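K.L.:
Take the two lone chains, each set in its own frame, and fit them into one complex as the hints suggest.
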Amino acid sequence: MSKSITLNHITKIEGHAKLELGIENNQVTKCELSSTEGARYFEGIVKGRRYNEAHEMTSRICGICSCAHVIAAITAIESALGYTPTEQTVKLRELMTLGERIRSHATHLYFLALPDYLGYESALAMAKKYKPQLESALFLMKTGNYIIKTLGARDLHPVSATIGGWLKLPKQADLDEIKKQLENVKKDAIKTCKLFFSLKYPSFSTNGEYFSLKDDKKYAVLNGDFCSEKSCFHKDEYLKFIREYHHSNSTANFVVKEDHRYMVGALSRINNNNNKLSKDAKKMLKLSKIKLPSKNPYHNNIAQAIELVHCIDDAINICKNLKMKHEDVDKVKVKAGNGVGAIEVPRGTLWHEYTLDDKGIITHANIITPTAQNLLNIQEDIRQFVPSIINKKKEDMVMDIEKLIRSYDPCFSCSAHFLEVKWV
Amino acid sequence: MKNLYVFGNEYLEYDKFAREIAKQIKNVNIINCRSPDELLEINDNEILILDVVKDIKKTIIINNISQIKTRKLMSLHDFDLGFFLSLMKELGINKKIKIIGIPENGNIKEIADGVKACI
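So the protein lines, in turn, are chains A and B. Residues in the first sequence are numbered from 1 upward in steps of one, following the numbering used here. Residues in the second sequence are numbered from 1 upward in steps of one, following the numbering used here.
Hints in this document: simulated from the structure, not taken from any laboratory. On a predicted model such as this, the values are computed, not experimentally measured, just so you know. You may find that some hints are simply not true.
Unchecked claim - Heads up, simulated PhoX-like pairs for lysine-lysine below, C-alpha to C-alpha not over 20 Å straight-line: (1) K194/A with K91/A; (2) K214/A with K240/A; (3) K91/A with K214/A; (4) K171/A with K325/A; (5) K89/B with K129/A; (6) K194/A with K282/A; (7) K95/B with K142/A; (8) K128/A with K95/B; (9) K91/A with K180/A; (10) K276/A with K217/A; (11) K128/A with K89/B; (12) K91/A with K320/A; (13) K194/A with K289/A; (14) K95/B with K131/A; (15) K179/A with K279/A; (16) K91/A with K240/A; (17) K131/A with K89/B; (18) K2/B with K96/B; (19) K331/A with K168/A; (20) K128/A with K57/B; (21) K89/B with K142/A; (22) K128/A with K191/A.
What the hints assert, rightly or not - To give an idea of the interface, some chain A residues facing chain B are shown, with a C-beta separation under 7 Å as derived from the structure: (23) L124; (24) A127; (25) K131; (26) K142; (27) N145; (28) D155.
Built from N, CA and C at the ideal position, the CB exists for glycine as well.
Just chain B, same shape as in the assembly (with noise of 0.2 Å):
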């Protein structure tokens, strides 16, 4: 069974809605994530993840670690999961990432099938 690593705060309104989806997929093992560093020693073949997009209106599927905008860490609070995939990637930590990006809201269900037909 695939592993999913799903992301976001079960405890922010705007953050928790990967979280929510998640709970709808069937024939995976869902992992909640509360740490990006969790992923350094995942041994999968292809890393999985769930995650809260902002501002896209459809789920969408990220590859490419490239594409993901990184802000400058100017603290240790933006240490997150954009920045540590970043570093992963300049590190040379070649681990095959696929993201499964949600919208922050919309319907569970159409959202949920929408995973479904990416993993």
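Chain A on its own, in the form it takes in the complex (with noise of 0.2 Å):
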């Protein structure tokens, strides 16, 4: 039996990207994923910029994950400036991160996962039937924007965040509101997990290693190693144990760590945090029944639906525990240095490193989304799924596939930010 699949546009994902599968005698003879979209040139463009520019443009990598690029790119150059923040600028930090994962998770869930699974072409056609469950994620959606619009000043690419601090502070009532929000859709979180506990989810197990950071103190967002079951390195380490790398029919960035395949987001992140989990969140854990670590990629719609729990959990207790007091924007001493920011965001982990000059101008940037890491074993997976399916109809096998891909929650839009130039 020979057959051949093409999906030019895999839809219900970030961005566009295209698979091409070849099956001959029941053997997967081409497997190979690609991005088309348009190089992005972040790194370039914020080469030669000054230090604090920085933060402003990358947010301009993504709309959905805007938040997460500033932050990340601040934690780089903060470090490269040897510079450490109060507690209560890193804590805001924190709050508009688990905002942006709410927001991202229930949006994705819901408008991108759920059809799949309902049988449904779009969240549209399932509006009628399942109106409690859409109205639970709008619901959910608005929280998540709540938060970064009164953090960041902005629903999309904050503005608020700096180096040095926060330019705009909230007040306290501002966090009163934001946890009385939070408490509001708490129940919606709970809804969620059951809905997606409830879902019917391929048998299947990853040969990639699962890598997240891994923090002594809490459910990892700002700050860890980066950790796998096998092995774990100091963020400032990994250009000894990332490689990236670009095919000729992609513009998408391929990451591979020590020349092997590995997954990051919210399932690497339940694998190796989940003892620091909320209370709630490891009540739902213990629900879900999946055995830890899973490395059934399609948990990953489980794993974000747990930690949407966990995220409303950390960001009450930090409304609840955060004194708001003054704090100016610290004036930081601009030397030479270079600096790494790796952060968890709502595909995984995300890095950042930039090199200053003694002025302060950014020398050399390096940019790693999480979907250029996941690419990978994203493509890896599906020569190793696709044998189990090999039998079934060609939609269903499809459909299938694009589950599988679509478990990941890439974004080709960010992870495609490199293409090689030959200049004649």
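P.N.:
Right, here's the structure in full:
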């Protein structure tokens, strides 16, 4: 039997991706996942700019994860300048990051993943029958948006967070209002868990390793070493372990860890940090009945649902315990240096690295998105998974493969940031 | 005073026209929206929206959400005003909505006068 599948535009993921799959005599002969996004050049764009411009510029990499790029860039630049932010600044950065994760997970779970499992073409088609569920999604998204807007002064591409602190601080009353809204939507997060636990997921186990930040003190958000079940390394050493490369047929960046594939994202975080989840998130994890560590990428949906509960609890705690005090933005002394920022964002670990000269001008930048790290694992998962569904009808195979890709919640627009140019 | 919810990205040449027109409109409360979910909890009797509509020459009024062409939701980036209003309709969130659709460009004074007449 011979089959050839080309998915020219994989739907319900961020950005544009293409999969070419060849099958002969029940063997996968070709499996190539590529991005068809235009090159982004962000690392080149920030080169030559001042240290305090990187976060505003790189926020434009993505409208969905703009807070993530802001905070990762600030973290890396502050590290290059040898500056340690205040506890209040860090807590507010965490809160904004959690808000973005709540918004992103709710949107991905309900509007991109759920229609697949319920047999609908889109969320619009399922709206009449699943009204309460989609209303839960909208309330969760709105709450995430509210957090970002309150802290960042905008719900996309926030402008308040900066090197050395916050240009505009929220008032205590703002944190009280955020807390109130989070408490109101917690029931929606719990309903989300129960809904996603009730879905039927294909049985599959990736051969890739799972990685996330691991923080001794809490469920990692902005700090920690980069760890899997087998190894751990400090973020500043990432280039010793991580290698980026590019395929001539794709504008996307592929990343491997010591020449083998790995995955990042909610499932990796839960695998590594489940003992640091909030009490109610732990209850949800128990209810899910998934066995950890799980290497089934379809369980990333379950992990995202559990993270919704955890992020809400974590954000409530920040709002409850943070006693806002006035803090001017610190004047950070400019000097030459190199710094790496690694933070956990909706789709996994995000890396920003900058080198500055003694005038604070960026001379080198490197950005590695979660999807770039997941790309090879997604491609090889498909190669590994297809033989188990090879006897299915072509359209059913396509659906299973698309579900697998979508379970990673990939963002191809963000991973496409490089194009090798041969100048003649 | 009525509220006028204005959509569009002030940084994009092809998407900022509604904001420019809104600056010419007096006696309404202008609210610049960045995200369609801002409409979720509005309690106005009628939600009045100003936005740019592609491929029209004159200002139009859209009272029926079904008139809006909805793109398939391919990614989170497609979660736009059209999709959101259609979703609100499908969910039975029956708010009275009037969209004043303006062309992508044109004479600011003439278009602003047209919008005033629609409010």
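K.L.:
Below or equal to 20 Å on CA atoms is what counts here, so check K276/A against K217/A.
P.N.:
holds, 8 Å
K.L.:
If you draw a straight line from the CA of K95/B to the CA of K131/A, is it 20 Å or shorter?
P.N.:
holds, 16 Å
K.L.:
Would the hint linking K214/A and K240/A be met if the CA-CA limit is 20 Å?
P.N.:
Holds, because 18 Å separates the two Cα atoms, which is no more than 20 Å.
K.L.:
Regarding the pair K91/A and K240/A, is the alpha-carbon distance no greater than 20 Å?
P.N.:
violated, 30 Å
K.L.:
Next pair to validate is K194/A with K289/A; report whether the Cα-Cα distance is within 20 Å.
P.N.:
holds, 11 Å
K.L.:
Against the 20 Å threshold, does the CA-CA distance of K128/A and K57/B hold or violate the hint?
P.N.:
Judged against 20 Å, a Cα distance of about 35 Å means the pair is violated.
K.L.:
Just to be careful: measuring from the Cβ of A127/A to every Cβ in chain B, is the smallest value less than 7 Å?
P.N.:
Hint holds; A127/A Cβ to chain B Cβ min 3 Å, cut 7 Å.
K.L.:
Assess, step by step, whether the Cα of K95/B is no farther than 20 Å from the Cα of K142/A, and give holds or violated.
P.N.:
Since the Cα atoms of K95/B and K142/A sit roughly 18 Å apart, the hinted pair holds (cutoff 20 Å).
K.L.:
Does K171/A pair with K325/A here, judged by a C-alpha cut-off of 20 Å?
P.N.:
Holds, at roughly 9 Å.
K.L.:
Are K194/A and K91/A close enough, with their CA atoms no more than 20 Å apart?
P.N.:
It is violated: about 30 Å lies between the C-alpha atoms, which goes past 20 Å.
K.L.:
Given the hint that K179/A pairs with K279/A, test it: the Cα-Cα distance must not exceed 20 Å.
P.N.:
Holds, at roughly 17 Å.
K.L.:
Need the status of pair K128/A, K95/B: alpha-carbon distance at most 20 Å?
P.N.:
Roughly 16 Å separates the two Cα atoms, so the pair holds.
Violated hints, in rising order: 1, 16 and 20; the structure is consistent with all others.
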